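Trainee: So the chains spell out like this:
Number of protein chains: 2
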Amino acid sequence: MDLFDVIKRRYSVRAYRPDPVEEEKLQEILEAGRLAPTAANRQPFRIIVVRTAGRTEALARIYGRDWFTDAPLVLCLCGVEEEGWVRGKDDKSYIDVDAAIVMDHLVLAATALGLGTCWIAAFDPDAAREVLSLPDGVAPLLFTPLGYPADQPRPKQRKDLDDLVKWNRW
Amino acid sequence: MDLFDVIKRRYSVRAYRPDPVEEEKLQEILEAGRLAPTAANRQPFRIIVVRTAGRTEALARIYGRDWFTDAPLVLCLCGVEEEGWVRGKDDKSYIDVDAAIVMDHLVLAATALGLGTCWIAAFDPDAAREVLSLPDGVAPLLFTPLGYPADQPRPKQRKDLDDLVKWNRW
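These protein sequences, in sequence, are chains A and B. When we follow the working numbering, the leftmost residue of the first sequence carries the number 382, and every step to the right adds one. When we follow the working numbering, the leftmost residue of the second sequence carries the number 382, and every step to the right adds one.
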């Protein structure tokens, strides 16, 4: 699917059909994430692919909406802190940026293949660490369900470009 | 261009032709950024579009490679801190994630239109604040040049999927 169509069509899917995600599509989506650029090419992330079947109760501790576990799969983007790039001048870590780029690739790839996703940041990080057995130094940064949408796209509410773009300086 | 082709073709362009970026293409790229999702739809970002002509010296203080200012345009993604979404449970800000999603849309859109970009995190944040006249509470998070490539793509060096993907738990 054309990139600009993918960007227009993506929306936060909050109802999922139980149909499984085809293995071949899952591989294409993961490959799109693998090719994402990261700061200094450190690739300081891991993607945890969780099959929701039989794990609904544990996953609901991470994010308690029914549709989260109605999807057949949940993806979690984790940052491996010791692998991340940090800017020397002000000690700023770019691991959140790296994880977001990877997740954006996964989400756009899923959309292109007719699948639905929903960026989730409002999860319980302590529950995520426990349920997914994350070791120290590994941070859960982003989640999305992955499955076929059972709802309809809504029009996007966005600020105007005039309010988001500045020319040459602030 | 097909999303998966865009993802495969994008590379860090480190040499630019002086040719201008057509206004219509620039608008398409900015629109792709505008449509990006952000946490709680806060849209806590601004895109500064800098025309490099006549500003080479000032811009070189931000990032000192010739190719950075050889491109006709430089884009800066800024985060507006008071507009960003913060998770209540652990005070984690998602403003870096939001900025990265927007930049990823800009970069992919540019690639689809035959233009080149290069994600830059290793810039001087103090120089960026000064040169771009950023007020307090506005953080420079990411830069890229934007222009027609004068170099060739290189093969991507990435870890194997087996090293990046985990199943069900860590």
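A couple of the hints might just be wrong.
If chains are identical, the list can't say which one is meant, so a pair holds when it fits in one copy or spans any two.
Said to hold, decoys possible - No farther apart than 25 Å at their CA atoms in a straight line, the calculated lysine-lysine pairs in the PhoX-like style are these:
no.	residue 1	residue 2
1	Lys-547	Lys-389
2	Lys-389	Lys-406
3	Lys-540	Lys-389
4	Lys-406	Lys-470
5	Lys-547	Lys-406
6	Lys-540	Lys-406
7	Lys-470	Lys-537
8	Lys-470	Lys-389
9	Lys-389	Lys-473
10	Lys-473	Lys-406
11	Lys-470	Lys-540
12	Lys-389	Lys-537
Source of the hints: derived by calculation from the structure; they are not laboratory data. Model, not experiment: these values are computed from the prediction.
Trainee: Now tell me if each hint is right for this structure.
Mentor: Against the structure, the hints:
1. Only within a single protomer do Lys-547 and Lys-389 lie at most 25 Å apart by alpha-carbon distance; the minimum there is 23 Å, versus 30 Å between protomers.
2. In this homomeric assembly, Lys-389 and Lys-406 come within 25 Å of each other (Cα to Cα) both inside a single copy, at 21 Å, and across copies, at 17 Å.
3. Taking CA atoms no more than 25 Å apart as the test, Lys-540 paired with Lys-389 passes inside one copy only; the shortest distance there is 15 Å, against 30 Å between copies.
4. For a Cα distance limit of 25 Å, the shortest separation of Lys-406 from Lys-470 qualifies neither inside one copy, at 42 Å, nor across copies, at 35 Å.
5. In the homo-oligomer, the alpha carbons of Lys-547 and Lys-406 lie at most 25 Å apart only across protomers (17 Å), although the nearest pairing inside one protomer, at 39 Å, exceeds that limit.
6. For the identical chains of this complex, Lys-540 and Lys-406 are inter-copy neighbours only, at 20 Å across copies versus 33 Å inside a copy, given an alpha-carbon limit of 25 Å.
7. When the C-alpha separation of Lys-470 and Lys-537 is checked against a cutoff of 25 Å, the pair qualifies neither within a copy, at 38 Å, nor between copies, at 28 Å.
8. With identical chains, the CA atoms of Lys-470 and Lys-389 are never at most 25 Å apart, being 38 Å at best within one copy and 32 Å at best between copies.
9. Proximity of Lys-389 and Lys-473 under a CA criterion of 25 Å is satisfied in neither setting, with 32 Å inside one chain copy and 29 Å between copies.
10. Proximity of Lys-473 to Lys-406 under the C-alpha cut-off of 25 Å is found in neither arrangement, the shortest distances being 36 Å within a copy and 32 Å between copies.
11. For the identical chains of this complex, Lys-470 and Lys-540 are neighbours neither inside a copy (33 Å) nor across copies (28 Å), given an alpha-carbon limit of 25 Å.
12. Within a single copy, Lys-389 and Lys-537 get their C-alpha atoms as close as 9 Å, which meets the 25 Å cut-off; across copies the closest is 28 Å, which misses it.
Going through the hint list in order, the structure does not satisfy hints 4, 7, 8, 9, 10 and 11.
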